[in-house]
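Those sequence lines, one after another, are chains S and E. So for the first sequence, the working numbering puts the first residue at 1; every next one is plus one. So for the second sequence, the working numbering puts the first residue at 1; every next one is plus one.
Note that these hints are calculated values from the structure, not bench results. Some clues are possibly wrong.
[Stated by the list, open to error] Covered stretches of chain S (chain E as the covering partner; in silico rule of three or more C-beta atoms under 8 Å from a C-beta of chain E): (1) 93-103; (2) 132-140.
[Said to hold, decoys possible] Simulated restraints, written as ranges between beta carbons of each label pair: (3) S:Lys85 x E:Gln31: 44 to 54 Å; (4) E:Arg39 x S:Arg72: 49 to 59 Å; (5) E:Glu81 x S:Tyr45: 54 to 64 Å; (6) E:Glu81 x S:Gln51: 46 to 56 Å.
Please read all numbers here as calculations on a predicted model, not as lab measurements. Heads up, the beta-carbon is just placed ideally off N, CA and C, and yes, glycines get one too.
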Amino acid sequence: MERTGLSVSKNRATDTHLNSETKARRRFLLLYVIFVLLLTGLLGYFYYRSQEQLMFSHQRIRMMEYASTQARRLKQLHRHYPQEKRYPRDERFESAIYDLEYQKIFSTLKGAQVSLDEVIYHSGEKIHLVKILDDYYLGAKYLVIEVPEDKTWYNDIVHKILLFLLPLFILFMLLGLYLSRLFVRPMRNSIMLLDRFIKDTTHELNTPLSAILANIEMMDRKSMSSTNTKKLNRIEIGARTVSTLYEDLKFLTLERGKPIEDMHLDLLPVIKNRLEYFSLQMQSKQIVLHKELVPSSMHADRRLITRVIDNLLSNAIKYNKRGGIVDVTLEPGLLIIADSGVGIPKEKLGSIFERYSRFSDSEGGFGIGLNIVKKIIDHYGMEIVVESKLGRGTKVILRWSKI
Amino acid sequence: MNQKIRKSIKTNLLLIFVCILPVSADNAFEQHCVPCHIRMDISLQRTFMNALLVYGGRENMKEGLAYYLRNPRKDTSVMDEDYIRKNGIKTPIKIERAVLYEALEQYWQKYTVMKKLY
Numbered sequence: 001m002e003r004t005g006l007s008v009s010k011n012r013a014t015d016t017h018l019n020s021e022t023k024a025r026r027r028f029l030l031l032y033v034i035f036v037l038l039l040t041g042l043l044g045y046f047y048y049r050s051q052e053q054l055m056f057s058h059q060r061i062r063m064m065e066y067a068s069t070q071a072r073r074l075k076q077l078h079r080h081y082p083q084e085k086r087y088p089r090d091e092r093f094e095s096a097i098y099d100l101e102y103q104k105i106f107s108t109l110k111g112a113q114v115s116l117d118e119v120i121y122h123s124g125e126k127i128h129l130v131k132i133l134d135d136y137y138l139g140a141k142y143l144v145i146e147v148p149e150d151k152t153w154y155n156d157i158v159h160k161i162l163l164f165l166l167p168l169f170i171l172f173m174l175l176g177l178y179l180s181r182l183f184v185r186p187m188r189n190s191i192m193l194l195d196r197f198i199k200d201t202t203h204e205l206n207t208p209l210s211a212i213l214a215n216i217e218m219m220d221r222k223s224m225s226s227t228n229t230k231k232l233n234r235i236e237i238g239a240r241t242v243s244t245l246y247e248d249l250k251f252l253t254l255e256r257g258k259p260i261e262d263m264h265l266d267l268l269p270v271i272k273n274r275l276e277y278f279s280l281q282m283q284s285k286q287i288v289l290h291k292e293l294v295p296s297s298m299h300a301d302r303r304l305i306t307r308v309i310d311n312l313l314s315n316a317i318k319y320n321k322r323g324g325i326v327d328v329t330l331e332p333g334l335l336i337i338a339d340s341g342v343g344i345p346k347e348k349l350g351s352i353f354e355r356y357s358r359f360s361d362s363e364g365g366f367g368i369g370l371n372i373v374k375k376i377i378d379h380y381g382m383e384i385v386v387e388s389k390l391g392r393g394t395k396v397i398l399r400w401s402k403i
Numbered sequence: 001m002n003q004k005i006r007k008s009i010k011t012n013l014l015l016i017f018v019c020i021l022p023v024s025a026d027n028a029f030e031q032h033c034v035p036c037h038i039r040m041d042i043s044l045q046r047t048f049m050n051a052l053l054v055y056g057g058r059e060n061m062k063e064g065l066a067y068y069l070r071n072p073r074k075d076t077s078v079m080d081e082d083y084i085r086k087n088g089i090k091t092p093i094k095i096e097r098a099v100l101y102e103a104l105e106q107y108w109q110k111y112t113v114m115k116k117l118y
């Protein structure tokens, strides 16, 4: 079965950077939207307030006349009280009187809330004007005049705000999109440059690396002195380490879009082959290999599964201590690779699969190995569990459906 | 027999006490204000409306009138000049502060326009 839409092959180094760029752009746009909303909101608010003040100033003239009329009537009532006890009313407005202790003396108001500390204000659907009386007729210090609010000014304002602020908002958003592109362009160029560099470097690594490994293979070790054999082994270990890195980089860059060839894969020979490949590295660190291997199979691409095994074995050796142990268990539907190395700090366990995440600074590396592993096992719907104790070692458990 | 007399005395005392209590509380205004105003033919309603025009609220009026009644002066009187020219300024009142305030409260309650307008 062949598929080309594998997320692994598409996820080259630049994809992560480009994702970061998209994230940065999204964050910028989010902040920009908040800023623009705040700005247009404030503009709308101040415009509304200014129009409200304008409306109040128009109403105020009329309401002050009403207040003067009512004050004159209160004066008359004060003079003729208690013979006359009917509070003066006017069909043009409602009114109320309060004493200096804010106690209501009489009220015909319809508006629910009265605020004697303001001069003119809204109270529900009404407008209130508060006039302070010079003489306390009937004991009243505050005379409140109430008229119904004419809502036409409000509707006009809403229309004007929508007509003006909506295009302004759209204009700002377009400007924001343009700015976001402008800001991230240098970042995008750098990413593309880095991408090209990694791709070219990976490509250039192939020929010399192949030449080194091929020539090492061809050399006759039997005729060498033990010192030279040791030196050659060191060269071979170094070359194979670079080779693993090369394979990872190739997987991420050069093999992008390469078809996936899933097949019935017998894992036992694959594991044995990879253990043989890493045997020299294990020997150099005097690592003891414990293996319990029984035939196991899965439906997958050999190239991808080899990357998974290589990366897990490479880590188990790289982060192991000299004279440590590597345990490899293969059963149907299960692969366990455990080491007795430095272990992974608990706080870093959650991020070990992130690209460029390195859980120990004691060894080199790009931090791309486990990211590749995760991508591949996710693609095949396998389960991965990492158990680790600092100073004791790490165990990676892979599970998949038996076939 | 003795018990009956004692019981009768107790009942009578209790009745007298119950009757005296409200009378003495209500009497501050009637006792210390009304007689003079009647004698001098000065309308309490008019003085109240004049005081209301100057002092406004209940507490302010009580404080203002209490001060005036103890320290009456032409310039702090709520009455107009014609009245003062005709009747002069009253003599300072000399009753206990609590009684004075009680009388003023009763004065307010009796003449306030609150809840009387319609």
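Which hint numbers doesn't this structure obey?
-> As far as the earlier hints go, 3 and 4 are violated by this structure, in ascending order.
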